[in-house]
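Participant: Below are the chains, spelled out letter by letter.
Protein chains: 2
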Amino acid sequence: MKKYTIKDIAQLAGVSKGTVDRVIHNRGNVAKDVEQKVRALLTEINYQPNLIARNLKNNKVFTIGVLIPDPSLDPYWAVCMDGINSALAEFSAFDVRINTFLYDPTDTADFLDHNEALLQSEPDVILMVPLFYKEATSVLQHYQSLNIKVGTFNNQITSSTASFIGQDLYQSGRIAAKLLHSISSTGDMAIIHIDEKYKNAVHMQEKEKGFKSYYDDLKGFDNTILTCKVKYVETEDKLRDFLNDHPQLEGIFVTNSKAFHVARLLESENKTQIKLVGYDLLSDNVNYLNNGTIDFLIHQNPRQQAYLGLKYLIEHLVFDKQIPEKFLLPIDIINSENVTPFLRP
Amino acid sequence: MKKYTIKDIAQLAGVSKGTVDRVIHNRGNVAKDVEQKVRALLTEINYQPNLIARNLKNNKVFTIGVLIPDPSLDPYWAVCMDGINSALAEFSAFDVRINTFLYDPTDTADFLDHNEALLQSEPDVILMVPLFYKEATSVLQHYQSLNIKVGTFNNQITSSTASFIGQDLYQSGRIAAKLLHSISSTGDMAIIHIDEKYKNAVHMQEKEKGFKSYYDDLKGFDNTILTCKVKYVETEDKLRDFLNDHPQLEGIFVTNSKAFHVARLLESENKTQIKLVGYDLLSDNVNYLNNGTIDFLIHQNPRQQAYLGLKYLIEHLVFDKQIPEKFLLPIDIINSENVTPFLRP
DNA sequence: CGCATAACTGTGTTCGAGCACAATTTATGA
DNA sequence: TCATAAATTGTGCTCGAACACAGTTATGCG
Chain A
0 MKKYTIKDIA QLAGVSKGTV DRVIHNRGNV AKDVEQKVRA LLTEINYQPN LIARNLKNNK
60 VFTIGVLIPD PSLDPYWAVC MDGINSALAE FSAFDVRINT FLYDPTDTAD FLDHNEALLQ
120 SEPDVILMVP LFYKEATSVL QHYQSLNIKV GTFNNQITSS TASFIGQDLY QSGRIAAKLL
180 HSISSTGDMA IIHIDEKYKN AVHMQEKEKG FKSYYDDLKG FDNTILTCKV KYVETEDKLR
240 DFLNDHPQLE GIFVTNSKAF HVARLLESEN KTQIKLVGYD LLSDNVNYLN NGTIDFLIHQ
300 NPRQQAYLGL KYLIEHLVFD KQIPEKFLLP IDIINSENVT PFLRP
Chain B
0 MKKYTIKDIA QLAGVSKGTV DRVIHNRGNV AKDVEQKVRA LLTEINYQPN LIARNLKNNK
60 VFTIGVLIPD PSLDPYWAVC MDGINSALAE FSAFDVRINT FLYDPTDTAD FLDHNEALLQ
120 SEPDVILMVP LFYKEATSVL QHYQSLNIKV GTFNNQITSS TASFIGQDLY QSGRIAAKLL
180 HSISSTGDMA IIHIDEKYKN AVHMQEKEKG FKSYYDDLKG FDNTILTCKV KYVETEDKLR
240 DFLNDHPQLE GIFVTNSKAF HVARLLESEN KTQIKLVGYD LLSDNVNYLN NGTIDFLIHQ
300 NPRQQAYLGL KYLIEHLVFD KQIPEKFLLP IDIINSENVT PFLRP
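For the protein sequence lines, the chains are A and B, in the order given. Number 331 in numbering that gives the first Met the number 0 belongs to position 332 of the first sequence; there are no gaps in the numbering. Number 147 in numbering that gives the first Met the number 0 belongs to position 148 of the second sequence; there are no gaps in the numbering.
Think of the hints as simulated: they come from the structure by calculation, not from any bench. Here the structure is a predicted model, which is why all the values come from computation and not from measurement. One should not assume that every hint holds.
Remember, identical chains collapse to one label, so a pair may be satisfied in a single copy or spanning two.
Stated by the list, open to error - The calculated lysine-lysine pairs, modelled on BS3-like cross-linking and capped at a C-alpha distance of 30 Å, are: (1) 148 - 1; (2) 36 - 325; (3) 2 - 230; (4) 208 - 59; (5) 1 - 218; (6) 325 - 2; (7) 59 - 228; (8) 59 - 16.
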């Protein structure tokens with residue numbers, strides 16, 4: 000029950016607190032027999048250093064570098080800053096500062112530029128959204144060689160050992176399938192990939208695989224699952240053609256946050272009876288969710304991803320806690336009735 | 000940017016740190032003009048005391064009393080202890096201890112008895128599930144008069160000012176309705192209240208109201224919404240009769256965690272085509288969710304409720320943060336595909 | 001043995017806030 | 001005017017860990 004201090008241990012071992020300290024920190028200059036005695040005592044009473052006292056003494060200002068896409072260029076990222084600020088507020092008792100660098104999510108060079116600036120700021124640890132696989136890989140490798148811990152979220156760079164917060168994309172595809180299956184009779188289904196301006200290909204593929212696997216597992220489903228890839232600029236025309244080519248369509252799964260494009264079209268074409276499932280609580284999507292054109296949204300919770308990523312890093316800095324290698328958030332199913340609380344900051 | 004210390008302020012004001020300290024803590028014995036000068040400085044530079052140093056000095060062991068239903072008497076409460084332990088782990092750097100008192104959720108006298116024991120343990124703050132309205136009201140009043148802060152979760156005692164973590168029950172009823180509506184054609188719907196051994200009447204009524212309000216808002220729905228109350232002991236027979244009396248039934252909403260009773264019956268009566276929505280991730284429920292007899296479960300997240308409730312109390316103790324009066328958790332929609340991550344501790 | 005050097009051990013200060021108590025200044029009254 | 005009380009202000013120690021540095025004991029070698 001009682002919390003032992005270094006002084007207590009020193010007393011028990013019959014040595015001074017300096018010696019105990021040297022043992023604890025492996026700073027050498029301790030006689031073998033004394034070291035053993037102290038070490039035995041430490042394990043016996045399971046000594047836990049008082050982290051409050053340690054932090055007071057060290058009195059260090061921690062600097063965290065944050066490298067994420069610019070929310071003004073893609074609103075999806077806006078809520079990340081909320082999550083980051085929440086984490087900071089939670090640790091306001093400690094002197095934790097952040098330097099934020101926002102990059103253009105369509106521009107790899109811009110990513111590298113801002114990463115350079117980030118490096119210049121000499122951060123203790125880094126939180127990053129590693130959008131571009133190739134560039135991120137080399138960047139992460141560099142940080143590893145510098146021994147700077149990096150937390151990533153949104154998408155995993157499998158080639159790296161950096162910690163990752165995200166979701167199981169395959170499983171989220173399965174969830175979309177389950178939802179569409181439960182709200183529609185057995186007709187044709189479509190997976191629509193609307194190309195964002197930047198490559199999200201791996202994301203979309205994983206979701207497609209998951210979606211298909213659900214229907215593969217299903218007995219007695221022999222309708223078609225169509226796939227449609229749309230480039231961002233040609234969205235409207237190509238989608239309209241696709242809809243007209245497939246009049247049997249009962250459900251559509253949009254693999255990213257652009258479901259509102261499809262919703263807009265379904266309304267203008269008077270095809271709102273087609274069920275629609277997409278991702279992310281952008282205000283455009285939420286509006287269509289509320290008027291019923293979108294049936295379900297899957298919440299990727301970027302706010303929580305950023306919050307947790309930062310929290311783990313800070314806890315590592317101030318309490319020396321281990322950073323989880325990989326943490327997959329639960330996947331939230333959102334409809335018009337439960338959306339509101341998920342929108343608050 | 001720089002963090003000012005009491006010493007800094009003392010220097011700036013041309014007084015000693017003792018005087019500054021007296022001003023900060025309103026301990027009097029300070030000349031009026033000096034006090035004003037110091038106070039002006041404090042606000043000007045927005046002095047924030049170093050909470051790490053404060054905690055080290057105070058070096059206080061905080062005791063938290065926890066009064067919740069015994070999980071061995073109702074498995075619903077099992078995950079609460081996980082949440083409590085998570086919160087404790089998060090604040091392991093501080094000396095926070097809990098005394099847990101488990102009461103029989105069917106027995107008001109037992110609640111009062113354990114509350115008495117709780118009082119004896121002289122807690123600094125209290126976390127409690129105030130199941131019984133009348134008894135909880137007087138107990139909470141007592142704590143208020145003793146100036147002991149209390150956090151409550153699961154159900155709100157509206158007569159009290161104690162902080163509350165929970166969910167919007169009315170809205171969760173609406174969510175259930177929306178879900179049933181989206182997965183079934185327009186047939187008759189039933190709300191089934193399975194009496195738990197203890198009174199949850201308010202809970203159930205709110206959910207029923209929400210459920211009905213959804214269908215009221217709906218244009219062109221003119222089927223019937225039936226209500227059925229079942230006492231715990233007579234569950235099976237009464238339910239069977241109810242099902243047979245209403246062959247048109249398309250969907251059932253069970254207003255608490257006992258949906259598995261209905262699921263079991265639907266299977267034995269070969270009526271699994273009836274859609275079923277219930278509450279809570281008890282293993283019995285999850286099994287029926289996975290085999291398809293239950294379509295959706297609404298997650299009340301008792302783990303998170305307990306976690307947050309405790310976290311707010313601890314942050315109040317160690318960082319002097321304000322405890323939110325009321326916090327309504329988002330309501331999670333669970334199907335067989337997204338259930339797994341919600342089950343982990 | 002003596003003395004230098006290495007090996008080891010103990011002491012004292014720091015971090016910032018909080019508080020007891022000492023020290024100083026001001027007020028009061030005979 | 002001066003003693004004394006009252007009001008005000010300053011000093012110094014504490015919390016526990018970390019670390020610099022001083023102090024002590026052991027070892028080696030001429």
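Participant: So, for every hint listed, does it hold in this structure?
Facilitator: Hint check results:
no. : hint     : result
1   : 148 - 1  : between (34 Å within a copy, 26 Å between copies)
2   : 36 - 325 : neither (39 Å within a copy, 53 Å between copies)
3   : 2 - 230  : neither (62 Å within a copy, 51 Å between copies)
4   : 208 - 59 : neither (47 Å within a copy, 55 Å between copies)
5   : 1 - 218  : neither (61 Å within a copy, 66 Å between copies)
6   : 325 - 2  : neither (33 Å within a copy, 35 Å between copies)
7   : 59 - 228 : neither (51 Å within a copy, 62 Å between copies)
8   : 59 - 16  : both (23 Å within a copy, 23 Å between copies)
Hint compliance for this structure: hints 2, 3, 4, 5, 6 and 7 are broken, all remaining hints hold.
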